[in-house]
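There are 4 protein chains.
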Amino acid sequence: MKTIDVEKLNSVVSNFIEERDWDQFHSIKNLSMALSVETSELVEIFQWLKEEDSNNVKNDPKLKAKVEEEISDIFIYLMRIAIKSGVDIESSVLSKIEKNSEKYPVEKARGNARKYTDL
Amino acid sequence: MKTIDVEKLNSVVSNFIEERDWDQFHSIKNLSMALSVETSELVEIFQWLKEEDSNNVKNDPKLKAKVEEEISDIFIYLMRIAIKSGVDIESSVLSKIEKNSEKYPVEKARGNARKYTDL
Amino acid sequence: MKTIDVEKLNSVVSNFIEERDWDQFHSIKNLSMALSVETSELVEIFQWLKEEDSNNVKNDPKLKAKVEEEISDIFIYLMRIAIKSGVDIESSVLSKIEKNSEKYPVEKARGNARKYTDL
Amino acid sequence: MKTIDVEKLNSVVSNFIEERDWDQFHSIKNLSMALSVETSELVEIFQWLKEEDSNNVKNDPKLKAKVEEEISDIFIYLMRIAIKSGVDIESSVLSKIEKNSEKYPVEKARGNARKYTDL
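Residue numbers (the working numbering), protein chains in the order written: chain A, 270 to 388; chain B, 270 to 388; chain C, 270 to 388; chain D, 270 to 388.
Some hints here could point you the wrong way.
One copy or two, either will do: identical chains are not told apart, so a pair holds if it fits within one copy or between any two.
Computed cross-link-like contacts, DMTMM-like style, restricted to lysine to aspartate or glutamate with a CA-CA straight-line distance of at most 25 Å [what the hints assert, rightly or not]: (1) K319 to E367; (2) K333 to D322; (3) K271 to E371; (4) K368 to D322; (5) K368 to E321; (6) K353 to E287; (7) K353 to D290; (8) K277 to E313; (9) K368 to E320; (10) K372 to E320; (11) K377 to D387; (12) K368 to E338; (13) K319 to D387; (14) K368 to D357; (15) K319 to E359; (16) K271 to D329; (17) K277 to D387; (18) K277 to D322; (19) K319 to E376; (20) K368 to E288; (21) K335 to E313; (22) K368 to D387; (23) K377 to E276; (24) K353 to D274; (25) K333 to E288; (26) K368 to E310; (27) K319 to D274; (28) K377 to D274; (29) K327 to E371; (30) K271 to E376.
Since the hints were made in silico from the structure, they are not lab data.
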């Protein structure tokens with residue numbers, strides 16, 4: 270996976286929604302709820318699995334197909350929220366990682382999963 | 270936002286994680302939990318807002334900055350789960366929309382937000 | 270609803286789980302995931318509804334039946350986490366409300382849904 | 270924990286909300302969002318912990334105090350949604366367990382965490 274062609278995906282998704290006249294339901298508030306519901310469907314896949322078994326998605330075609338569907342749903346809603354909010358995902362991620370580099374200095378954070386407020 | 274350069278973002282994020290030796294915590298199971306936590310931080314922004322006010326993110330710099338941060342965190346975990354699962358986001362979204370087009374036929378779904386099991 | 274007989278519910282639930290030998294899956298970590306999945310099933314009911322329509326659950330038997338099921342699932346997991354964690358819900362809620370009364374002083378919080386960090 | 274005195278807790282919580290004039294924000298839709306946000310704060314505590322460490326809450330006072338706060342917040346919103354929806358938690362849980370006993374027959378479900386649709 271080298272890039273995601275957001276322009277193409279957004280055009281396909283927007284067309285799907287327009288045909289069904291569903292944009293009337295898509296306030297950003299409602300989209301954030303839908304995003305969290307889809308995310309939980311991903312969590313549901315892993316809730317009773319051991320950590321090591323969760324790492325096996327790649328080699329388990331049935332499990333992978335489920336994960337693929339949920340990742341797609343999550344990305345669709347995330348893209349839609351980003352576009353409606355005027356947010357550019359690529360540049361936002363780059364700034365966020367810069368911020369996080371300051372919040373979690375290597376020497377304090379190394380090998381340590383505590384929240385920055387606890388560091 | 271035309272494309273997302275996943276290869277670049279993944280390299281920046283992987284480097285950030287490696288420097289901190291955090292990959293030991295990043296089973297797909299744990300990443301799905303972290304994704305849901307970040308999604309809820311987006312939901313939290315909108316929980317007491319009216320739908321129409323949620324649609325104003327674009328024009329409210331303070332609100333937009335918060336949304337930008339949460340979208341970034343969500344995308345980072347989503348990308349990481351996708352890569353560890355061997356999932357290509359762009360092609361998965363395209364297949365998902367095709368599937369959804371069958372599950373939600375235009376004539377039944379038009380203007381109607383009910384779940385396909387209720388259609 | 271005056272009280273909840275936790276002792277009785279826990280005995281019924283524990284018996285259900287023991288018969289199926291499911292406690293092996295119920296680490297507190299996994300139970301927290303299951304709790305969040307069930308909560309999202311409640312959110313799903315309301316994601317496309319207007320706020321005023323969500324307030325109509327009481328008078329809509331079909332909607333109420335769905336809400337009832339999700340509330341039950343949420344309570345079951347919450348109770349199980351509390352018991353495994355040695356937490357007494359009633360006394361914890363009372364201390365939490367006391368804390369919140371300090372975090373959100375009436376004069377600052379009145380009619381204002383902002384987070385205490387923003388007050 | 271033998272019982273939860275919902276009548277007492279509801280009176281304390283309602284009073285807290287009334288003093289702050291916050292009921293205007295508490296549509297059932299919004300309360301379901303708030304409930305999911307609080308649930309994620311519980312998930313956050315466990316996201317990087319090993320399953321066996323998550324089972325140690327009882328013996329770790331600092332961890333237990335955090336869990337206690339999140340359980341309280343979750344219960345407060347759950348109780349509020351139940352009361353606004355006319356749902357009696359105790360009797361709903363009892364019916365749900367009866368339903369689940371049919372959905373998950375002991376002989377098929379024993380030692381098996383698959384969803385009933387997969388049994």
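Evaluation of the provided hints:
1. Taking the shortest Cα distances, K319 and E367 never come within 25 Å of each other, neither inside one copy (33 Å) nor across copies (29 Å).
2. With identical chains, the CA atoms of K333 and D322 are at most 25 Å apart within one copy only, with a shortest distance of 12 Å there and 28 Å across copies.
3. Proximity of K271 to E371 under the C-alpha cut-off of 25 Å is found in neither arrangement, the shortest distances being 27 Å within a copy and 29 Å between copies.
4. For the identical chains of this complex, K368 and D322 are neighbours neither inside a copy (33 Å) nor across copies (28 Å), given an alpha-carbon limit of 25 Å.
5. Taking CA atoms no more than 25 Å apart as the test, K368 paired with E321 passes in neither setting, with 31 Å inside one copy and 31 Å between copies.
6. Proximity of K353 to E287 under the C-alpha cut-off of 25 Å is restricted to the intra-copy arrangement: shortest distance 15 Å within a copy versus 34 Å between copies.
7. In this assembly of identical chains, K353 and D290 lie within 25 Å of each other by CA distance solely inside one copy; the values are 17 Å within and 32 Å between copies.
8. Taking the shortest alpha-carbon separations for K277 and E313, neither the intra-copy value of 30 Å nor the inter-copy value of 28 Å comes in at or below 25 Å.
9. For the identical chains of this complex, K368 and E320 are neighbours neither inside a copy (29 Å) nor across copies (30 Å), given an alpha-carbon limit of 25 Å.
10. Proximity of K372 to E320 under the C-alpha cut-off of 25 Å is found in neither arrangement, the shortest distances being 27 Å within a copy and 27 Å between copies.
11. In this assembly of identical chains, the alpha carbons of K377 and D387 lie at most 25 Å apart only when taken from the same copy (10 Å versus 28 Å across copies).
12. Proximity of K368 to E338 under the C-alpha cut-off of 25 Å is restricted to the inter-copy arrangement: shortest distance 10 Å between copies versus 31 Å within a copy.
13. For the homomeric pair K319 and D387, the shortest alpha-carbon distance between copies (19 Å) is at most 25 Å, but the shortest distance inside one copy (27 Å) is not.
14. With identical chains, the CA atoms of K368 and D357 are at most 25 Å apart within one copy only, with a shortest distance of 17 Å there and 27 Å across copies.
15. Taking the shortest Cα distances, K319 and E359 never come within 25 Å of each other, neither inside one copy (32 Å) nor across copies (29 Å).
16. Within a single copy, K271 and D329 get their C-alpha atoms as close as 23 Å, which meets the 25 Å cut-off; across copies the closest is 33 Å, which misses it.
17. Taking the shortest alpha-carbon separations for K277 and D387, neither the intra-copy value of 42 Å nor the inter-copy value of 30 Å comes in at or below 25 Å.
18. Neither within a single protomer nor between protomers do K277 and D322 lie at most 25 Å apart by alpha-carbon distance, with minima of 34 Å and 29 Å respectively.
19. Taking the closest pair of Cα atoms, K319 and E376 come within 25 Å of each other only across two copies (23 Å); inside a single copy the shortest separation is 31 Å, beyond that limit.
20. For the homomeric pair K368 and E288, the shortest alpha-carbon distance between copies (15 Å) is at most 25 Å, but the shortest distance inside one copy (41 Å) is not.
21. Within a single copy, K335 and E313 get their C-alpha atoms as close as 11 Å, and across copies as close as 19 Å, so both meet the 25 Å cut-off.
22. When the C-alpha separation of K368 and D387 is checked against a cutoff of 25 Å, the pair qualifies both within a copy, at 17 Å, and between copies, at 21 Å.
23. Taking the shortest alpha-carbon separations for K377 and E276, neither the intra-copy value of 40 Å nor the inter-copy value of 28 Å comes in at or below 25 Å.
24. Taking the shortest Cα distances, K353 and D274 sit within 25 Å of each other both inside one copy (17 Å) and across copies (20 Å).
25. In this assembly of identical chains, K333 and E288 lie within 25 Å of each other by CA distance neither inside one copy nor across copies; the values are 30 Å within and 29 Å between.
26. Taking CA atoms no more than 25 Å apart as the test, K368 paired with E310 passes between copies only; the shortest distance there is 17 Å, against 30 Å inside one copy.
27. For the identical chains of this complex, K319 and D274 are neighbours neither inside a copy (34 Å) nor across copies (32 Å), given an alpha-carbon limit of 25 Å.
28. Taking the shortest alpha-carbon separations for K377 and D274, neither the intra-copy value of 37 Å nor the inter-copy value of 30 Å comes in at or below 25 Å.
29. Proximity of K327 to E371 under the C-alpha cut-off of 25 Å is found in neither arrangement, the shortest distances being 33 Å within a copy and 27 Å between copies.
30. In this assembly of identical chains, the alpha carbons of K271 and E376 never lie at most 25 Å apart, being 31 Å within a copy and 37 Å across copies at closest.
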